[in-house]
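Chains U and L are the protein sequences, given in the same order. First residue of the first sequence? That's 2 in this note's numbering, and the numbers climb one at a time after it. First residue of the second sequence? That's 2 in this note's numbering, and the numbers climb one at a time after it.
Only true hints are included.
One copy or two, it doesn't matter: identical chains are merged, so the pair holds either way.
Pairs of lysine-lysine, DSBU-like flavour, derived with a Cα cap of 35 Å: (1) Lys144 to Lys208; (2) Lys230 to Lys19; (3) Lys194 to Lys230; (4) Lys208 to Lys194; (5) Lys144 to Lys230; (6) Lys208 to Lys307; (7) Lys208 to Lys19; (8) Lys319 to Lys19; (9) Lys194 to Lys289; (10) Lys144 to Lys194; (11) Lys230 to Lys208; (12) Lys208 to Lys289.
Derived from the structure by calculation, the hints contain no laboratory data.
Protein chains: 2
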Amino acid sequence: MSVKRFTENPLITPADVKPSMEGYEVLCAFNPGVIEFGKEILLLIRVAERPINPNPDRSVLVPMLGEESLRPEIVEFPLDSPDIDVSDPRVVVFPDALYLTSISHLRIARSLDGIHFVIDEHPALFPQTEYERYGIEDPRITKIRDTYYVVYKGVSPTGITQCLASTRDFVIWNRHGIILPPENMDAMLFPAKINGRFAALHRPQPKMIGSPNMWLAWSDDLIHWGGHKFLLGCSTGTWEGGRIGGGAVPFRVNEGWLAIYHAATLEDHYCLGAVLLDYADPSKVLRKSIRPILAPEAHYETTGFKSNVVFTCGAIVKGEVVTIYYGAADESICAAEMTISDIMDSMS
Amino acid sequence: MSVKRFTENPLITPADVKPSMEGYEVLCAFNPGVIEFGKEILLLIRVAERPINPNPDRSVLVPMLGEESLRPEIVEFPLDSPDIDVSDPRVVVFPDALYLTSISHLRIARSLDGIHFVIDEHPALFPQTEYERYGIEDPRITKIRDTYYVVYKGVSPTGITQCLASTRDFVIWNRHGIILPPENMDAMLFPAKINGRFAALHRPQPKMIGSPNMWLAWSDDLIHWGGHKFLLGCSTGTWEGGRIGGGAVPFRVNEGWLAIYHAATLEDHYCLGAVLLDYADPSKVLRKSIRPILAPEAHYETTGFKSNVVFTCGAIVKGEVVTIYYGAADESICAAEMTISDIMDSMS
Chain U
2 MSVKRFTENP LITPADVKPS MEGYEVLCAF NPGVIEFGKE ILLLIRVAER PINPNPDRSV
62 LVPMLGEESL RPEIVEFPLD SPDIDVSDPR VVVFPDALYL TSISHLRIAR SLDGIHFVID
122 EHPALFPQTE YERYGIEDPR ITKIRDTYYV VYKGVSPTGI TQCLASTRDF VIWNRHGIIL
182 PPENMDAMLF PAKINGRFAA LHRPQPKMIG SPNMWLAWSD DLIHWGGHKF LLGCSTGTWE
242 GGRIGGGAVP FRVNEGWLAI YHAATLEDHY CLGAVLLDYA DPSKVLRKSI RPILAPEAHY
302 ETTGFKSNVV FTCGAIVKGE VVTIYYGAAD ESICAAEMTI SDIMDSMS
Chain L
2 MSVKRFTENP LITPADVKPS MEGYEVLCAF NPGVIEFGKE ILLLIRVAER PINPNPDRSV
62 LVPMLGEESL RPEIVEFPLD SPDIDVSDPR VVVFPDALYL TSISHLRIAR SLDGIHFVID
122 EHPALFPQTE YERYGIEDPR ITKIRDTYYV VYKGVSPTGI TQCLASTRDF VIWNRHGIIL
182 PPENMDAMLF PAKINGRFAA LHRPQPKMIG SPNMWLAWSD DLIHWGGHKF LLGCSTGTWE
242 GGRIGGGAVP FRVNEGWLAI YHAATLEDHY CLGAVLLDYA DPSKVLRKSI RPILAPEAHY
302 ETTGFKSNVV FTCGAIVKGE VVTIYYGAAD ESICAAEMTI SDIMDSMS
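Just chain U, with the same shape it has in the complex (with noise of 0.2 Å):
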């Protein structure tokens, strides 16, 4: 099938991205959700900065909100400390815990043309709860009458939740809580009720039995989730052998709703695939993708903070043409068009 990644590409980078905290450097501006807000289109990014550490040499420092302040502090660990895993640059790692290098807030970017971006100078949304302690992450808008909704990770040593936020205007934010708690990611509302119900899809990452897949839930509220039913699930030994969750806000096309999500490797090989759900059931699907209708393969997917790794928290459709907005490396934004009659000839 035909992609057309932006020449512009990427979009946006770290550098781009001013910190929001004296002693902080941005390492990643990535994962947006996106959305039309007016005549613009709007992004919300996930960015995560870290403190600046006069001794990389001699110990990693963990930025979190304080247990009691809920404001952000920095905590020191000596990298000769008895069991300390820093091997993954994201994370450090002990036997009975795991912090994280950064800290994400979301920042809000606005362009004309989609491609040129103004982005905030301050946050939109900033870590404030006990279950944001370690930051917010990976926003999925979806507009549903005259508001937007932003499912969004909230990250804390209680676990990794769902949350639900909304607004109207982008300015004032309301907060709501958590919708699905741990361990559970790459939740995202659908942008219609359905038979009379909200629906969501979310991504358990169970630890005992079973593997990171997607699952449909129903709400008459947004705000408590039910009929959870299992939607689409690993391939072991395929580029989706490791896990599978939602990307993009799933959207309406003739034949149902189309939904773009990523699969991963066991050895983190980030990809994105297509899933048309049936319409009034979309606990059904329909078609799906056989191969990646995305994959690392431009030198800012396959080389970064983490490479090898493409990741949609959303896309724009306008007619025939959905560009889908996504992560890069977990580093950098980047957008590739496609058309949707491709995509359907794409699944199998």
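Since the structure of chain U is provided, determine the placement of chain L on it from the hints.
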């Protein structure tokens, strides 16, 4: 504090329970839900059955519902399979999959004195859905108005979920599906609405970040759940160092809600504790056990299918006396009495 184990313990052993299927043997009869039903004490026993293996030196047998048939089938794994791990008698572990060596259903037992039980010949609830292919486990019974609600673990290749069923007579059952997605255990409903809403305890089991801790959730209809809050966590190095989760259905005392919970060390030494929750807002922990209120000491607790386990799914409260029914060593059913004031005095 004074704990009076029943001299008749264990009250029910696997030998007392008739297998539900030909070619199977009852391995464990344990972790019963318990409720007063008319003049009787009614137990809903978790009965774990395994296929009788003619060649235990050569293979291990795994019972599960067939993917298509949703009827019990047996899968045989040679003991010399690559990467097989059968060191834990409860499970067969491969690098990318975990199977159970038994399949559990729920069986009713009835008693007028709470000591001598008559056990049904046939299951009350047998695994039957795609989310129950490995069995149904650990029921907690809550009476709300004239209906008995049972929250139980549904185990399948897609994960460990919390499911809801209801009955008015323990004869006709309604299944309401998954109320909490993977990986979740030890959920139970409070016996009354609190400020007009239903509440539940649950125990997410996270993979990457966080411990297996107790959480609280809210619902208007028992089907859709939200407002998730962290309630009670593990304490490194203590009797609560490995995991902590709900036990008996919480009951009303003068000072709030009293919940008997379970906790285990990292070495799976399972004890019971008690926690007092605010009556109007049970997400507030008022007091809790510093030491276990029940720990494995009797021979039937320290030795069995899984030694050193006491685990409860329910208690009967009459005046000042709490009778805890519990699984002993993951094998049999026992009971112990203690007074509310003793429990209250034991908390700090």
